[in-house]
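Work out the full structure, taking the sequences as your base and the hints as a guide.
There are 2 protein chains.
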Amino acid sequence: MEHEAPSPRTRIRRKPQRGHYDTATVAAIVDTALICQIAFNQGDSVHCLPTACWRVGNALYIHGANNSRLTRTLLDSDCSVCIAHVDGLVLARSAFHHSMNFRSVVIYGRFVAVDAPEEKKTALAAFVEHVSPGRSALVRPPNDAELAGTAVLRLRLDEAAAKIRNWGVEDDACDLDIPVWAGVVPLRCTAGEMEAEAACTDFPQPSLPDYLLTT
Amino acid sequence: MEHEAPSPRTRIRRKPQRGHYDTATVAAIVDTALICQIAFNQGDSVHCLPTACWRVGNALYIHGANNSRLTRTLLDSDCSVCIAHVDGLVLARSAFHHSMNFRSVVIYGRFVAVDAPEEKKTALAAFVEHVSPGRSALVRPPNDAELAGTAVLRLRLDEAAAKIRNWGVEDDACDLDIPVWAGVVPLRCTAGEMEAEAACTDFPQPSLPDYLLTT
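Read top to bottom, the protein sequences are chains B and E.
Residues in the first sequence are numbered consecutively from 1, following full-length UniProt numbering.
Residues in the second sequence are numbered consecutively from 1, following full-length UniProt numbering.
Source of the hints: derived by calculation from the structure; they are not laboratory data.
Only a predicted model underlies this, so the values are computations on that prediction, with no experimental measurement involved.
Check the hints yourself; a few may be wrong.
The list treats identical chains as one, so a pair stands whether inside a single copy or across any two.
Subject to a maximum C-alpha distance of 20 Å in a straight line, what follows is the list of computed SDA-like cross-link-like pairs (lysine to any residue) [stated by the list, open to error]:
(1) Lys15 to Arg69
(2) Lys121 to Ala196
(3) Lys15 to Thr73
(4) Lys121 to Ser94
(5) Lys120 to Ser99
(6) Lys15 to Ala52
(7) Lys120 to Arg110
(8) Lys15 to Ile35
(9) Lys15 to Glu195
(10) Lys120 to His63
(11) Lys121 to Ala145
(12) Lys15 to Gly149
(13) Lys15 to Ala199
Here it is in structure tokens:
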């Protein structure tokens, strides 16, 4: 580990050799995510909800309707945000040593509202760029009513921990002669054939980010 | 909606037309997941952690080291579990109407420990089958020490809500003449070329479940 955990609750206790706390590692995992899961408490219950996310600088951004439970509740209490990518199945010779390759980040903190109109516009344009680079200049930007109805929230990435497993099978020595295939099955999120609206088949197809490898 | 929400906290309030509460829909979404995210409270903080999961009957299963924080804490308090699949980018003519196609499930309840040895063995074999059908008969099964060191936890799917978006672009009528590609980019989790251990290249490759489409 190159860096120390930024807080006691981000310290990786289970398999600490998989932990990373540096900004670049955290940012790289966030940058390949379309969604995150957010844990928060509301109404005597803990909740875990998925929502789209993207990064600008040292912060994770989410958005939602201005009157939604999620965006209202998150401004009033701390939360925990998880992003997890499964990168492979690790198939061992023993059931016990089966594993998965993955990259995950857990972030702690409290979201703040992005209220300044220009900052909100910039953040929403960055979201469009995150899913299709170059697209924000091609589509109609949000109008005043759309901006007013949309909440944009920002969570600094200061209190975050990444966990990565990206290696092969770790079988016990006594199992190495078992005659079964062992190895890694890589997994990735892949874009399939684009489904254009009928009126759009002659327009150039959208660009896709590198993290969505095309088939 | 064919069914009612099983509890107030599972009722979908934001875009309720996307909500589903029937067992088959919930099970189908769980069955295409390798991991879930679990929200729980511990030590004055809410946490959101990813872990592998699978389904047997009407329950979601997870496992972990017997002495891990996650497995110990989950037996003592309610949690919320989220599974979310991103199935496509919905690229509209306006920034505002961009969306994603997805299938998600949120489950509420409390995990219970699977302690009976036979039930534990059966559950762990089902996990191996979930990642590679037919594989549990080929690999070395867990020995007594491995079983003793592994906690298996079960959460009934009774209090669960699914949310699905699986349709095309919904642009405003006034935007339909904007000359930009609009449509859906399908996304899926895809298995790449298998990376065999050096000693295993002559063994038959493992089978993969249908939800991991191969390239």
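Okay, the hints, checked on the actual structure:
1. Lys15 to Arg69: The answer is between: 12 Å across copies meets 20 Å, while 36 Å in one copy does not.
2. Lys121 to Ala196: Neither way: lysine 121 and alanine 196 sit 27 Å apart in one copy and 48 Å across, limit 20 Å.
3. Lys15 to Thr73: between (33 Å within a copy, 18 Å between copies)
4. Lys121 to Ser94: Between. Shortest inter-copy distance 13 Å satisfies the 20 Å Cα cut-off; intra-copy 53 Å does not.
5. Lys120 to Ser99: Between copies, since 18 Å is at most 20 Å while 41 Å is not.
6. Lys15 to Ala52: Between copies only: 16 Å across chains, 29 Å inside a chain, cut-off 20 Å.
7. Lys120 to Arg110: within (18 Å within a copy, 39 Å between copies)
8. Lys15 to Ile35: between (25 Å within a copy, 18 Å between copies)
9. Lys15 to Glu195: neither (43 Å within a copy, 24 Å between copies)
10. Lys120 to His63: within (10 Å within a copy, 42 Å between copies)
11. Lys121 to Ala145: Answer is within: at 13 Å inside a copy they meet the 20 Å cutoff, but 57 Å across does not.
12. Lys15 to Gly149: between (44 Å within a copy, 15 Å between copies)
13. Lys15 to Ala199: This pair counts as neither: shortest intra-copy Cα distance 53 Å, inter-copy 27 Å.
Consistency with the previously given hints fails for numbers 2, 9 and 13, ordered from lowest to highest.
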